[in-house]
Each structure stands twice: as C-alpha cells, then as structure tokens.
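Work out the full structure: start from the sequences and follow the hints.
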Amino acid sequence: MRIAVLKERAAGEYRVSATPETIKKFSALGAQLAVESEAGLRASIPDSAYVDAGAALGDVASVIKDADIILAVQGPDPALLAGAAPGAMLAAVLDPTGQRARVDAYAAAGLEALAMEYMPRITRAQSMDVLSSQSNLSGYKAVISAAEQYGRAFPMMMTAAGTITAARAFVMGVGVAGLQAIATARRLGAQVSATDVRSATKEQIESLGAKPIFVESVAGIEGEGTGGYATEMSEEYQKAQAELVSSHIAKQDIVITTALIPGRAAPRLISDEQIASMKPGSVIFDLAVAQGGNVEGSVPDEVVEKHGVKIMGYSNTPSRLAADASALYARNLYNFFSAFWDEETKKPVLDEEIGDAIRLTRGGKVVSERLLG
1 MRIAVLKERA
11 AGEYRVSATP
21 ETIKKFSALG
31 AQLAVESEAG
41 LRASIPDSAY
51 VDAGAALGDV
61 ASVIKDADII
71 LAVQGPDPAL
81 LAGAAPGAML
91 AAVLDPTGQR
101 ARVDAYAAAG
111 LEALAMEYMP
121 RITRAQSMDV
131 LSSQSNLSGY
141 KAVISAAEQY
151 GRAFPMMMTA
161 AGTITAARAF
171 VMGVGVAGLQ
181 AIATARRLGA
191 QVSATDVRSA
201 TKEQIESLGA
211 KPIFVESVAG
221 IEGEGTGGYA
231 TEMSEEYQKA
241 QAELVSSHIA
251 KQDIVITTAL
261 IPGRAAPRLI
271 SDEQIASMKP
281 GSVIFDLAVA
291 QGGNVEGSVP
301 DEVVEKHGVK
311 IMGYSNTPSR
321 LAADASALYA
331 RNLYNFFSAF
341 WDEETKKPVL
351 DEEIGDAIRL
361 TRGGKVVSER
371 LLG
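Sequential numbering of the sequence shown, starting at 1, is according to the numbering used here.
The hints are simulated quantities; they were obtained by calculation from the structure and are not laboratory data. There may be inaccurate statements among the hints.
[As the list claims (entries may be wrong)] Here are the simulated SDA-like cross-link-like pairs (lysine to any residue), alpha carbons at most 25 Å apart as the crow flies:
hint: 1; residue 1: 65; residue 2: 32
hint: 2; residue 1: 310; residue 2: 277
hint: 3; residue 1: 25; residue 2: 346
hint: 4; residue 1: 310; residue 2: 246
Here is the structure:
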C-alpha cells in the first residue's frame, strides 16, 4: 500500500495533508509513504522531518507513481494524478458542487474520490471531521484578527487614569467556529453575546459565559437542519431576526459572522444599513466571505471600511494557522483510514455509512447521490 502526499498548489494554501506524526502512524500500519518535496515547508515542516519519519521524497510524478492512496488538502488538478494505481483513493476537500468538472475528471481517470467535507456528523466520525477541526481554528483566528484591527483593548481595565470599558463582541452562528469565537473573545475579556437559528445552541452559548440573543416570538423556525448543520430560515423568522439584530448590532464593537449552509451561498446576515448603525471603529469579521459572505460589501482578503466600520474576512482562514491546521487535518485523515484498515490486506475497506457518504466517484463513474440527485 503506497500513500502519496502532495504539495498544495492553490493560492494562499499553506497547509499540508500529512505530518511526520501521521507518516509514522501510517508506516506502523504497513504503508509506504512518499511525500512531494517542499510539501510541508509553508506549514513549518522541513523535508528532513518527513525523511526522519520514514517517508521517501520526490517530485510529483515519482510520488504519484503507483500510489494507492493520494492525500491532499484541496482537490488537486487531475492531470497531476496520472500514474497512480488503478482505482486509487483520493482524499481531500474536493468542493464537489463548485468543482463538478474536476470531479468528472477524477471519475474519468478511474480514481475513487473521497470528499472529506462530506464526512457525516455522527459520533464515531468526530475524529475524522475535517470541517470541525478547521472551523475550530477559524473561529479563534477570526477573533484574533478582529482584535488586531480594533483600535481599542478588549478587556475592562481599571487604572489610576480611569476605567476602560470592555469591548462588546457579537457572534452570529454558533457552530464549531462560532463556539470557539465565543470562547476566544471571552478569554480576551470582551462582553460576548451570540445568536443562531438553532434553539439548541442557547445552552451552549450560556455555558461559555455569553449572552444568547434569540427571537422568541416566532413559531415554526426552520433552523434545525440534519447532521448538525443549520438550514434556511422561514421568511417570518428572517424578518424578526433582522429587527432583533439591527437593534443589538448597533451596540457592538466586534461582530463575527460564521453562517454557512452546505452546498449553497452563504446567507446574508448583515446589511449595509445595519453596518451604518454601528459605532465608528467597530470591526466585522466575515468567516463566510469566500462563499459569498454574510456581510454586505465584504471582500475576501481585504479590509473594507464602510461607514467607519472595518469589514474583513479571509478566503482561507485555517491556512493562516498552517502548522496547527495541518496537524489537525492530517490526524483527521489518519483517523479516517486507520478506522477502516484491514490488517490482512493492509488497505482500507470502507463501510457503507461513512464510505457511501463521502465517496464521489468509483469505477469510472460519479456515484455520489448528492451530485446525482
């Protein structure tokens, strides 16, 4: 069983799909590892660390040759994968709906493409969930980046010259990223509030010491999605939420938006009118900016100033913490393959519940129900 680890080529992508730690673990399973030269440099992992861990180094062609499993962070160009073993598995974040032509090319090449972002949110797959591990770091980075742009201190400070009041931070969307954003803002000393369309998150918000901001008067909210994700809200709820947010957001210094709906453009949470109601010097970090943005006027990788408010967001937030993000992502991949590793054949044998959920292509065809339905 030969496993290839590719260097990422997408702009702004500094992560890597394997670390010396996971190289050793895969080797212990009986696999041979080949890593493309300089694959880990931007994640602070030199080539020598991979060699010391037992991997072979080479250019992309030599690494891919006869590979049974190909590991990457983002979906690689299919042209790079020529020479892999027939039916080789490709595990990465593949953006199946946004890169459908690329998925078709994987099928035509005879690859078994596995979209790690489709990992079902079930208990036994938690350690394999790349979205959760990367979102956790994204929530942290969003607050740290907003704090850097904010021209004032976060915590309350009592000094001989007078008292500095604590910053007010508002987190919109309480998934993994939102919960980490709440925790980080609290650790920095801000007064934190948060909202979500899922009523079940209220207790989570309170458990972190933040104030929940929820619409209470509207019945039939369509917020509870399947698999731990939020779904779209009813029109009645959207109107009520907009009114509540408008009154609350005007008092905030920092706003972090995290709302995403899988397979769709990010929902719009903050309008230009609401931005104008905020205090000059306030900061909004839009974690969904790469998927269309939760905030009107947000631009990926730029700080835009509107009505005296700074609006920012990164196209690839986890990559801004490349070393830690790579460590977690690599463990996700190892946890996934090792859970299905057959000791006799020395290869992974996927089950239906998880295998069918993430498999996009097999046997020269696109087989994912999410793409065919």
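Hints versus structure:
no. : hint         : result
1   : 65 with 32   : holds, 12 Å
2   : 310 with 277 : holds, 13 Å
3   : 25 with 346  : holds, 13 Å
4   : 310 with 246 : holds, 17 Å
Comparing the model with each earlier hint shows no violations; every hint is respected.
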